[in-house]
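These protein sequence lines are chains A and B, in that order.
When we follow our numbering, the leftmost residue of the first sequence carries the number 1, and every step to the right adds one.
When we follow our numbering, the leftmost residue of the second sequence carries the number 370, and every step to the right adds one.
These are calculated hints, taken from the structure and not from any lab test.
Glycine residues also receive a C-beta, built at the ideal position from the N, C-alpha and C atoms.
A couple of the hints might just be wrong.
Unchecked claim - Derived, one-sided and incomplete: chain A residues facing chain B with beta-carbon distance under 8 Å: (1) Ile210; (2) Leu214; (3) Arg365; (4) Leu368; (5) Asp369.
Given next are the chains, with one letter for each unit.
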Amino acid sequence: MSRINLRRLFAVMLKEIYQLRRDRLTYAMIVGIPAMQLLLFGYAINLDVRHLPAALIDQAQSAHSRQLSDELQQSQVFDFRIAGHDPAAVNDLLRRGQVKVALVIPSDFERRVAMGTTPYLQLIVDGTDQVVQQTARQVARFPVVDYLRGDPVTPSASPIEVVSYYNPQRQAPLNTVPGLIGAILTLTLVMFTAIALVRERERGNLEFLITTPLSSAELTVGKVLPFIAIGLAQTTLILLLGHWIFDVPVRGGLFDLYLASLVFIIASLALGILLSTLVASQFQAMQAAILTFLPQLLLSGFMFPFEGMPRPAQWLAELLPLTHFVRLARGIMLRDAALGELWVDFAAMALFAGVAMVVATWRVRMRLD
Amino acid sequence: MTTTSAEHQSEPAIVAQGLTRRFGEFTAVDDLALQVPRGQVYGFLGPNGCGKSTTIRMLCGLLTPSAGTVRVLDLDVPRQARALKARIGYMTQTFSLYRDLSVIENLRFVARLYGFDHHRARQRLDTLIAIYRLAELTGQLAGTLSGGQRQRLALAAAVLNEPELLFLDEPTSAVDPQSRRDFWEALFALADAGTTLLVSTHYMDEAERCHRLAILQRGRLMAEGTPQHLKHTLPGVSLLVECATPRRAQQALVGLETVRSCAQIGASLRVLVSDANAEPAIREHLRAAGIDARVATAEANLEDVFVAATHREGQAS
Ligand SMILES: Nc1ncnc2c1ncn2[C@@H]1O[C@H](COP(=O)(O)OP(=O)(O)O)[C@@H](O)[C@H]1O
Ligand SMILES: [Mg+2]
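So here's chain A without its partners, still in its complex pose:
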């Protein structure tokens, strides 16, 4: 099993590359899925939000309060559809989805403006919606007092307090792109390898291969190597698109990021091969790939904050390579962390990759039974 002859390894690799070159669909998926996903997720990040249905709870009813609400209305970000006095009504409005945002202007607003103290405005947002949350936070940076008093607008302490319902963490959308690299890599790579090996079995190729001196290690490693290159190319593509279109930074070391991606790619490919040994058809392989993809997507902290999950879910998440990759990618790309500082996640991911690769190779028997 552990026997590897370089010529045979090279043979499998080359064969795989020739096949890939002719496989238009896979080709399209290699480039298409990352580009499409990035645009889909990316525009949710950068979306220029307009006409958010909003409620105005103006308890001040003063000139300044009207000026403020008019200004916000004219900026076209908020569309005040409902006006009221009672802040308690906001709860119902948000829950029923009638409004996404509510601006509460307290009754002592006028007095505070006059005194020049910070007026406590409240922007209550539907925290289930990341876009809304982000927009609200942009609005909250608006220097209300300077503006109302006609002073030159200077950055100052925010006068508007954002209370985020349902999503206390207020996850920054920028977080999506680093995690998205991982999500795209698992989705495509697990599927490619799982299908590629099952197809080989379905088409009878395996029956020929196992009568040759080819070993299972040569077969699995030879199959995985070209896909590593593909995975790295996908990573590059996402980083470039993310940079060009959405200004997503890579604040940390590029080498660290690629090293983390490499190990994550190997983990995903090994998982794909392992799946292929457990299923009977290409269709099942696809289903199995999605079955492993969903928990990773949901539990990894990519979509939902890790800290918000119940304990057992967290334990489960620690077993999934995407969880660790999301942490690594966010750390390196956004916080300028070094791989060494995040070594625990790196080690966990590497362990998964190693174990999965060994088990996969062991499961790929050069036998028919």
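Here the structure of chain A is known, so what remains is to put chain B with the ligands in place on it, guided by the hints.
Coordinates of chain B with the ligands only, in the frame set by chain A:
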């Protein structure tokens, strides 16, 4: 080559005893005993599902037998399957090379798998391309080849490593008669060069060409020997019945105990009877049924052997 292999030269290429393979409750190969001499073309004859492929897979070391022992080229199978792999070739029943690779890409791939370096691979492939008339097709995708072309490519790949023993599983099932004849010429060329061949088939004319034959039925070995021997030892006799109404004659005969099979061939009827002296009785029976027929003894052919062998099983179960 070495002294040890010379000492064993007398040992048959394949010796199997009690070879059995079960899939769950179902027994696909049942207590098979086989001896395949070296340098011969050995045939597996039997209907679909009789266990030909399963047996071949066990002999190659691809499937683990449920019971029994197998020695192939002086190696214990499946224990020494890895050592065996370099010395055998296997042409699978369905085309198992890559349809999305060209002919030359497939052959180069196989050459690399057998550890050929660039120079040796070139030489070997040039030879194979000439022998199996693939020169025109090198750049063509294997998936777009015709049945006969595909079969030549598969054979070229199976013999690329110059195997001592070549397994061919129904190699001619998807090709035209001319290609079949050419293909058998190629097989005999390999046998002349000293290769042992094991060919499975359900064509009688192909079985006829083999040096020796094993007739399989429901995983059991029903008869074994050279085609001549099998025909001479046919239990019973084959009769040719010529009359104006062969279908009526058939209806009249099928009920008789001695009649094992009755097949219409054009205007006549080929009747296999178990009793070697049944000819007068058959003639009498037809006359009694009001059918005017000429009855003569026919020379036994392999089909008779096959029917006799498999019919016995039918009565037993
Ligand atoms: N992997 C398998 N699982 C279950 N049954 C099988 C398997 N392979 C073969 N069989 C059964 O074993 C019998 C013999 O099959 P096979 O050896 O392919 O016959 P042949 O090659 O003579 O047509 C068939 O009834 C087939 O359905
Ligand atoms: Mg078969």
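>> For each hint given before, does the structure comply? Return the numbers of the non-compliant ones in rising order.
In response: 3
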